[in-house]
Amino acid sequence: MFKKILVANRGEIAVRIIKACQEMGISTVAVFSDADRLSLHVQIADEAIGIGPPPAVDSYLDMDRIIQAAQKTEVDAIHPGYGFLAENAAFARRCEKEKIVFIGPNSDALELVGDKVRSRQTLEKADIPIIPGMKGIVEDTSTIKAEAQKIGYPVMIKASAGGGGKGMRIVFDEKELTPALEAGMREAKSAFGDESVYLEKYIEESRHVEFQVLADNYGSVVHLFERECSIQRRHQKIVEETPSQALDPELRARMGETARKVMKVSGYNNAGTVEFLLDKEKKFYFLEVNARLQVEHPVTELTTGVDLVHQQIKIAAGEKLPFKQEDLDQNGHAIECRIYAEDPQNNFLPSSGKILYFKEPHGPGVRHDCGIYSGWDVPIYYDPILAKLIVWAENRETACQKMIKALDDYVILGVQTSIRFLKDLIGHPQFHKGETTTSFIQDHFADWTGEKGSEEKQKLVLLAAAFDSLHGTTSGKNFQMTKKEIYSPWLSLGKWRLGGK
Amino acid sequence: MFKKILVANRGEIAVRIIKACQEMGISTVAVFSDADRLSLHVQIADEAIGIGPPPAVDSYLDMDRIIQAAQKTEVDAIHPGYGFLAENAAFARRCEKEKIVFIGPNSDALELVGDKVRSRQTLEKADIPIIPGMKGIVEDTSTIKAEAQKIGYPVMIKASAGGGGKGMRIVFDEKELTPALEAGMREAKSAFGDESVYLEKYIEESRHVEFQVLADNYGSVVHLFERECSIQRRHQKIVEETPSQALDPELRARMGETARKVMKVSGYNNAGTVEFLLDKEKKFYFLEVNARLQVEHPVTELTTGVDLVHQQIKIAAGEKLPFKQEDLDQNGHAIECRIYAEDPQNNFLPSSGKILYFKEPHGPGVRHDCGIYSGWDVPIYYDPILAKLIVWAENRETACQKMIKALDDYVILGVQTSIRFLKDLIGHPQFHKGETTTSFIQDHFADWTGEKGSEEKQKLVLLAAAFDSLHGTTSGKNFQMTKKEIYSPWLSLGKWRLGGK
Amino acid sequence: MEFEFLLNDVLQQISLEKKEDFYVFSYGGKTYEADIQQISPHQISVLIDDVSFRIYTAKDKDSRYFLIDGLQFVVKEPTEQVEGFRKGEEITSEGTLLVKAPMPGKVIKVCVSEKAEVRKNQTLAIVEAMKMENEIKASVDGTIKKIHVSAGDLVDSEMPLIELEPS
Amino acid sequence: MEFEFLLNDVLQQISLEKKEDFYVFSYGGKTYEADIQQISPHQISVLIDDVSFRIYTAKDKDSRYFLIDGLQFVVKEPTEQVEGFRKGEEITSEGTLLVKAPMPGKVIKVCVSEKAEVRKNQTLAIVEAMKMENEIKASVDGTIKKIHVSAGDLVDSEMPLIELEPS
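Chains as they are written, first to last, in my numbering: chain Z, 1 to 501; chain U, 1 to 501; chain X, 1 to 167; chain V, 1 to 167.
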């Protein structure tokens, strides 16, 4: 087993991986940009190395600096987390050359599945169902209109190199095509350092269903069932759950087997995810392989009992998979909500700044993967994900109730977050019914403005503000007071309310 | 289902129950003594009623005040938690009379199993294996020596009315008998309001193995497997785990069936625990029934996926058990450590006072049931349990590693706690081997003094203190400084250390 | 003692007095008794007629934030000027519409030129923050009067981007 | 700047100076560079030669507490008088042993009378706290000189219980 691992990432996922290493008795090295000296992953690691200025291209995406940090600290392996260099085949090759184990797939497989266009070709030959789309990347913007016409609107622009919604655009008619292409390419360039995009058919009213796969270095491949990630805004998943309400055991088995086949055909090893679109006729199409740990991996861990980060490390260290497909089972129901620093009342615009106060929810069945704390400044340079709230319960109904309660108990003051939006989303009757498609938010929450607060709550806020001013506990200023005398409180004592809370 | 439940308890268990109610959409009423106005359970409940002065006999043990609070708030049911009135048959009867559902067994069964002496007699008739002991309570202290002689030393003095180690004493020879009896009776009186005690044979090198049982109001009884609770100090459990390392499937099934039979014979309903002693020849003896939710219930929840508090409430509301014995299964391994406010370096003396700073551990598989927060004053009036740290992992080995890591991450400043002791305990080679008996602490930790801190850690503490004084961040005083000039730092920069952390 | 606050930009009054071991407050013509306890610098516990509330609080230089049951409220001083426009916009003294950066970030592209006519919802500029591009759109039809930024500029929240003459 | 502290009752010296964006400290004849950052009022983050440490801290009226890797340390002012005796005991000016309450609680029973002879480990009194009885035992053989409490008394930590003349 490895003695020391460098975690080439930041935020909640770096924290998650460092903790997994600690549980396995493996020393850890964190890396940090100048914007992250005070970040949580730096505090909890055994060693921490500064790797440059805040922009990711100068730090977390700079292979030379990462490799130098790894050599200086003499690590055995690098865990890339998700994003940044996680799916960068050149980086995996570089690690191989420097004799540092890259905790992820081998560089050939990574290159193949990372090239969305080439992998579509390979898998089509292996009879994997593929969404209709371009055979190659957009090379000539002048002929692109003909391509789009051939596929048929609406079409989806997708980055060849990436995932996570970056560079993605839906185009409903021809006149939107050119500006969407430009924006998609710029975003792809900025996120992955590669502006290649391609077009595929956009399937309406579909669900996003993906299968978690583990493959060891000796040809064993198992899937750990599905995650449904249909709830997206700006093509970014925000709520994920397992099991999916759309799958029956037969379809689940069929999709799972297809996922295993995708990985076998690709020569894939370590952890990965095979993404599918499921249309309203329950026909499924291969979308892409995410060749890394996923943001939403905890829902799989809670329902299968398998720690995916432990398995990633063990596989990379040359261990065999400790289970076969028939040993694996799904138990109960898990839901994840991503907590973003963004303002859902203002078109989900990112919200940076200082977290004035933070208190995370607790309780049986509540897991919180988190990279923040009270007093931390949310930097503007990186993805706005702050934390992930995950709940497990015996069934979906109870899991939803637990999630709503946990969101209610979640305290973040100072920056805007998606918490209230998520609460209304989980509480929506259509979500309750399991009627989730990729257009769920557009269909049901396009005009969402959020609760303004009952009169009772407003009264309490005023009371708290007055208490605070009276004792000067948080305010440094004197608030304006009028001189009107308070009438005797003993004359007309109000009853707070008649019903319950 | 109930609309509103009063939780007649305090601390971590009140918090646990209130959260369960909230997840089920049930309103909650907390009760609090004058010492608990600022306690966590008061803050999180929907309503909160003061029930009197700090001593438990004047508040949490005062049936009239609890019933009045229940009537004032018009609750449907009372959940008693553990301790206080949880196993008080008179209170259960009083609730029945006032038409408030008591969330626990029916008062007849409670009376039977609560009377340790009478239940021993009943179960002996039903062929349940019983530890040799007195047929009745100690009534005449003059004939007690003959009774002890008949049973044979060592003997155990036990409170007829209670559990939790209160009133319990081991007596190795005759001259210890009288003072031990006096102390046991006083403690029983103070804890349960009943000074009745009895004697039974003390079985050396035994394990404490108990079975969780659920019984609905229609005769269905299932067990949810065992918990091993052998690690005790002062007859109080401090570490519990499941599965037990001492049971094989055959013995587990046999003990589980015996536990179900105990409950059937006793006419028991709702949640309860059947405690056994397992001797070194793997012979097991019935000890007693704990007619309530146990402190250590979370390890069962984590390995079976069943929420015991939800089930308690559903059974009390008249629902049928949603599973049969054959539907239940154990998954993975769970360990619980009880975090007490006590000083393990000073004979486990209770430690009260203000919690100056508190930060709980987090991470996948870590659960923390807790009733405290930074700034809270630990009152001297109640049980010194602060919280429970519970971990789950695929296997015992990983669970132990997770627990050690979580204990390392646990921060409580200002009061003494058992955290470091627990860490050394879980890390002990005999614990690792699963060699746990009720004399484990006496055998291996009688002379425990704890780590004093490496030179590196001391150096860091001095650095932190100096930093603190330099910036005046926490200290209000000026520390004495000598005037000797610091020599140039550039001349002899030390290397922090050569190896890893 | 009487207090005036701006709660969600609306002026509100409340009076509060400390009695022996509780508080009396008046709001909306009614008077209530409350048991208010400071739990921590960021939390108070309130009991009114046995009903229990947890209120979390924090402040920055302009505002105090309060959170009840997961819902956040902003309280400001009543002396502060109330702006009647949506976040990211302001009517200038000359009657033009000043479009401001809704969050700190980097200007990726300015999509219009001075004197150009724009329609409602037309994209005026693209600002990137946290790796996402955000399109800044016109809220009315009009003519571009002035452009304050160019591509590559780093902007802070509320910084002027573009001035628009509504038509 | 040089500092003296009592760490676990041992006098220790350290010097610390702030440079541009890091600190230099000397201890035990060696000098080190450290990057020290205040994370919160209760936590600092220290990097020394790329090794990362989290140190938690809090204070009460007498002491400052520091916690590293789960281990708690107590730091006091060097001016404070060092007591050489175990918690709960003190040698008086007359040479008798004063047995004190080790924690706040209630005296359940006084097991000895004045002028009685006691042996080492004999129970002197029983004090109840948090529902547990705790036996207060003699640490030496001796004679009871004075009894300061009786059954039923509430005692605070460090309050005198019994005075013993060692034999």
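None of these hints come from the bench; they were simulated from the model.
These figures come from a predicted structure and were not determined experimentally.
It is possible that some hints are incorrect.
[As the list claims (entries may be wrong)] Within a straight-line C-alpha distance of at most 25 Å, the following computed BS3-like cross-link-like pairs (lysine-lysine) qualify: (1) LYS120(V) / LYS354(U); (2) LYS354(Z) / LYS61(X); (3) LYS100(V) / LYS146(V); (4) LYS324(Z) / LYS150(Z); (5) LYS354(Z) / LYS76(X); (6) LYS125(U) / LYS135(U); (7) LYS76(X) / LYS359(Z); (8) LYS452(Z) / LYS3(Z); (9) LYS30(X) / LYS457(Z); (10) LYS189(Z) / LYS137(X); (11) LYS314(Z) / LYS433(U); (12) LYS135(U) / LYS457(Z); (13) LYS354(U) / LYS146(V); (14) LYS457(U) / LYS3(Z); (15) LYS359(U) / LYS99(U); (16) LYS135(U) / LYS314(U); (17) LYS324(Z) / LYS354(Z); (18) LYS106(V) / LYS120(V); (19) LYS30(V) / LYS354(U); (20) LYS452(U) / LYS354(Z); (21) LYS457(U) / LYS283(U); (22) LYS452(Z) / LYS76(X); (23) LYS106(V) / LYS359(U); (24) LYS175(Z) / LYS150(Z); (25) LYS137(X) / LYS72(U); (26) LYS18(X) / LYS457(Z); (27) LYS283(U) / LYS359(Z); (28) LYS452(U) / LYS131(V); (29) LYS120(V) / LYS189(U); (30) LYS359(U) / LYS109(V); (31) LYS457(Z) / LYS61(X); (32) LYS109(V) / LYS175(U); (33) LYS4(Z) / LYS189(U).
Now the hints, each set against the structure:
1. LYS120(V) / LYS354(U): 34 Å, violated
2. LYS354(Z) / LYS61(X): Measuring from Cα to Cα gives roughly 12 Å; hence the hint holds.
3. LYS100(V) / LYS146(V): Answer holds: LYS100(V) to LYS146(V) is near 12 Å, not above 25 Å.
4. LYS324(Z) / LYS150(Z): 44 Å, violated
5. LYS354(Z) / LYS76(X): Cα-Cα ~18 Å, so holds.
6. LYS125(U) / LYS135(U): 13 Å, holds
7. LYS76(X) / LYS359(Z): The given pair, whose Cα atoms are some 23 Å apart, holds under the 25 Å limit.
8. LYS452(Z) / LYS3(Z): 53 Å, violated
9. LYS30(X) / LYS457(Z): 16 Å, holds
10. LYS189(Z) / LYS137(X): The given pair, whose Cα atoms are some 23 Å apart, holds under the 25 Å limit.
11. LYS314(Z) / LYS433(U): 24 Å, holds
12. LYS135(U) / LYS457(Z): Distance ~61 Å between LYS135(U) and LYS457(Z) Cα, so the pair is violated.
13. LYS354(U) / LYS146(V): 32 Å, violated
14. LYS457(U) / LYS3(Z): 22 Å, holds
15. LYS359(U) / LYS99(U): Distance of about 42 Å is beyond 25 Å: violated.
16. LYS135(U) / LYS314(U): Answer violated: LYS135(U) to LYS314(U) is near 37 Å, above 25 Å.
17. LYS324(Z) / LYS354(Z): 47 Å, violated
18. LYS106(V) / LYS120(V): 23 Å, holds
19. LYS30(V) / LYS354(U): 38 Å, violated
20. LYS452(U) / LYS354(Z): 38 Å, violated
21. LYS457(U) / LYS283(U): 48 Å, violated
22. LYS452(Z) / LYS76(X): 17 Å, holds
23. LYS106(V) / LYS359(U): 31 Å, violated
24. LYS175(Z) / LYS150(Z): Roughly 16 Å between the alpha carbons, so the hint for LYS175(Z) and LYS150(Z) holds.
25. LYS137(X) / LYS72(U): Between LYS137(X) and LYS72(U) the Cα gap is close to 57 Å, so the pair fails against 25 Å, i.e. violated.
26. LYS18(X) / LYS457(Z): 21 Å, holds
27. LYS283(U) / LYS359(Z): Measuring from Cα to Cα gives roughly 49 Å; hence the hint is violated.
28. LYS452(U) / LYS131(V): With a Cα-Cα distance of about 30 Å, the restraint between LYS452(U) and LYS131(V) is violated, given a limit of 25 Å.
29. LYS120(V) / LYS189(U): Status violated; Cα separation ~30 Å.
30. LYS359(U) / LYS109(V): Status violated; Cα separation ~38 Å.
31. LYS457(Z) / LYS61(X): Given pair LYS457(Z), LYS61(X) holds - Cα atoms ~24 Å apart, limit 25 Å.
32. LYS109(V) / LYS175(U): 19 Å, holds
33. LYS4(Z) / LYS189(U): 57 Å, violated
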